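Residue numbers (the numbering used here), protein chains in the order written: chain A, 1 to 195; chain B, 1 to 565.
Source of the hints: derived by calculation from the structure; they are not laboratory data. Quick caveat, the model's predicted, so the values are computed rather than measured. One should not assume that every hint holds.
Output of the computed footprint for chain A on chain B, the stretches with three or more beta carbons under 8 Å from beta carbons of chain A [claimed, not checked]:
id, segment
1, 82 to 89
2, 337 to 349
Simulated crosslink set (BS3-like; lysine-lysine; CA at most 30 Å straight-line) [what the hints assert, rightly or not]:
id, chain 1, residue 1, chain 2, residue 2
3, A, K140, B, K208
4, A, K140, A, K5
5, A, K143, B, K205
Even for Gly, the Cβ is constructed at its ideal location relative to N, Cα and C.
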Amino acid sequence: MLAEKALDLVRELQRSLDGTLPPYNEDKIRQVLEEMQTLFDQNKDKAQFAAEGQTHLLSAIQLRHAAIRRNKRCLLAYLYNRLDQIKKMRWEYSSVLPSDVKYNMCEQEVQWFNQYNRLLANYMRTLGDNGGLDLTQDMKPPKALYVLVRCLVDHGEFETQDGTTILLKKNSQHYLMRAECENLIRQGILEHIVQ
Amino acid sequence: MLVKDFKKDFYDTLQRQRVLVLVAFDVDALCACKILQYLFHCDQVVYTVVPVDGLQSLEQAYLENAEGIRQVVLINCGATVDIVDLLQPEEHVRFYICDSHRPVDIHNFYNAVQVKLLMREDELSTIPSYDEVFRDDEEDSDQSDEENDDPESGYKKKRFDDESILRRQERRQWNEERVRILFDYTKFTSYGTSVAMVMFESAWKLSKDTNNLLWLAIVGVTDQYVHFKTPRDKYMEDVIALQSHVSRHNQRGSDGESLLSVNCLRISFEEELHLNLYRHWTLFDSICHSMPIACKLRLWTLKGQKRLHEFLAEMGLPIAQCKQQFSAMDITLRSEVKARMQEYMNKYGLENQDIVLPSFSMQFGYKNLLCATDYVLACAASLESLDSSKLQTDNFLLASDILQRSSPEKTDAALEGARAQLRSLVSQVQSSLDMHQIISAGPFLYVFVQEGTADSRFFSQPMSLIRLARFTLQAHCSVTRNKRAQSLPLVLGAPLSLEEGTCLIIGIPPLDTDDERKNFFGKAFEQAAQSTNMTVKCNGFDTFIIEMRIEDRSKFFDALISILQ
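Sequences and hints are given; from them, build the entire structure.
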């Protein structure tokens, strides 16, 4: 059936879990593009005859053209949604993406990501008084300024903003500024204990 | 120095500074730590909690975390040693010691700058006065010595000589007196008010007490009772104080209906059956594993088992019902167990004290009715869990989670652990009695846990060791014909590590001085070790539990016998 493969691509994206990025399906995209090319070539041939007065060909041309446009829409939707997902990941994981996510991106996407990164970083630098403002932190207003954390591994010393050093030893418990330890929690060094 | 005003001298000085909290490995300390953590959360005090299981790890934890720390809170550790001497802190560091171990070291008490004690004042009345133990005139005596060397006239010199001899004599007397006073003071180790209770009362004074904190205080107080740290009178005193808090926090409506929602913590005071874990076990097993009743009926013997069956029959509790999970028992029987036991106990020589303990129970939602003693046993079991893949500190965090009531699964696992502990405890007591291993050495009884038995590893931990020693002594006293047994203390040895060839030795005071719960073995062990020149380690904070090499044991016991005679 016409445009079936393009629909597959969109379905594939929809099937993937929230917050994950499926591998870039280059193979299928190429197939879709080839299909579009053949359709286009056929149309080009037939268009001449139609222009010469064989009006019964017109409906077939119209159908092929609709298929081409549908393919295009599906491809664009596929690419756009992937970019959207990557954008979300930038806000979630900060500027360095995990390697498995990176592996699933195509080269153009990597380029786009880098540019997006640069734009965002430039923008954040202009905010605030000095040194900019990290917009990616505290996406939702935190309930408390401090959190109770538990150390999961021997991490060594950690310097806080006010200059004191804290020894993060396995199984020690600390009550720290949320902003300071948020990153360590994401890295799996600390565990947030909900009271 | 004693902290007089908790808010001004302790709490306010901790604000806006990072605090290091060092916590000992016991349930009471853990509860106190939880209360303190809650207070810190209220006022956003930044802190670090590190569990410590002995003086060595206390020292290490302090060294590791000391950087930039000005305030250190010690919970249930450190009062019995000169903390400034041990840790060699910088001058600006302040120590706040909240410890139930007694006696408090005199240096801690009289250090006005660096050490602050969070304790009840009336419990420190036995401490020797300053003049008796410290003397400020040491320079004087040096000066007079120097003066002696001055070329003065013979007469004057003679007079000085007389004076200095007098002074020296007086000084010697004072020194002897000092040693005597200090010996009297440190002769007995005992325990003061539970630290969780002290912390809770402080929270109450700050108007920050909640039902949750109250439950922690209850658990702390009960822990002291379960591990034989405080006598029954003291326990009752604390329970009465706690009960007024309980009724304040758990008010009920006029028609007996609870005003509180089901989903919050409810605490109630009741005369609880003093049977270990019976809500989470079968009634029959629970009776067999509870110390007072098991010792009175001698349940480890065949005759005792018969008597128990008789007792149950007389109470009208079918044996089939008693041997299934308590929660699955017939509801009418279940609600009458206590009343029936109290009705028929006299015939079997049981007293009210053996069966009923005024205690508290808490309920959270519709499930999880837990009474305080069971809670303590579960926490202690998870603190002393024997899982070798886990670190000690993992156990600490697990017990802390249980106190948080974060997951019922963890609590259930801990209760299972507690049951396993009790089972091994009773079978150990039974085998010591059956094999007549409890031997009278003259001034005391002694018994060794056999090495290599399956259960012996349970007793490498201080809390279960205390319970085992006490159970053994009580069981022995109930069977022996020796009338003196009541007045004999017990020394119990248990293997600690087979690879290193070490064992733990614990000494507990005789039963007839049970009202005081004062233990003289700390000093006795110290002297015995001194007289034999042996290296014994006392790693924990209880001096009556020591660690030594197995081959030194007999020599040590000879010395101990000669000291106690």
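Against the earlier hints, flag every one the structure doesn't satisfy and list their numbers going up. 1, 2 and 4
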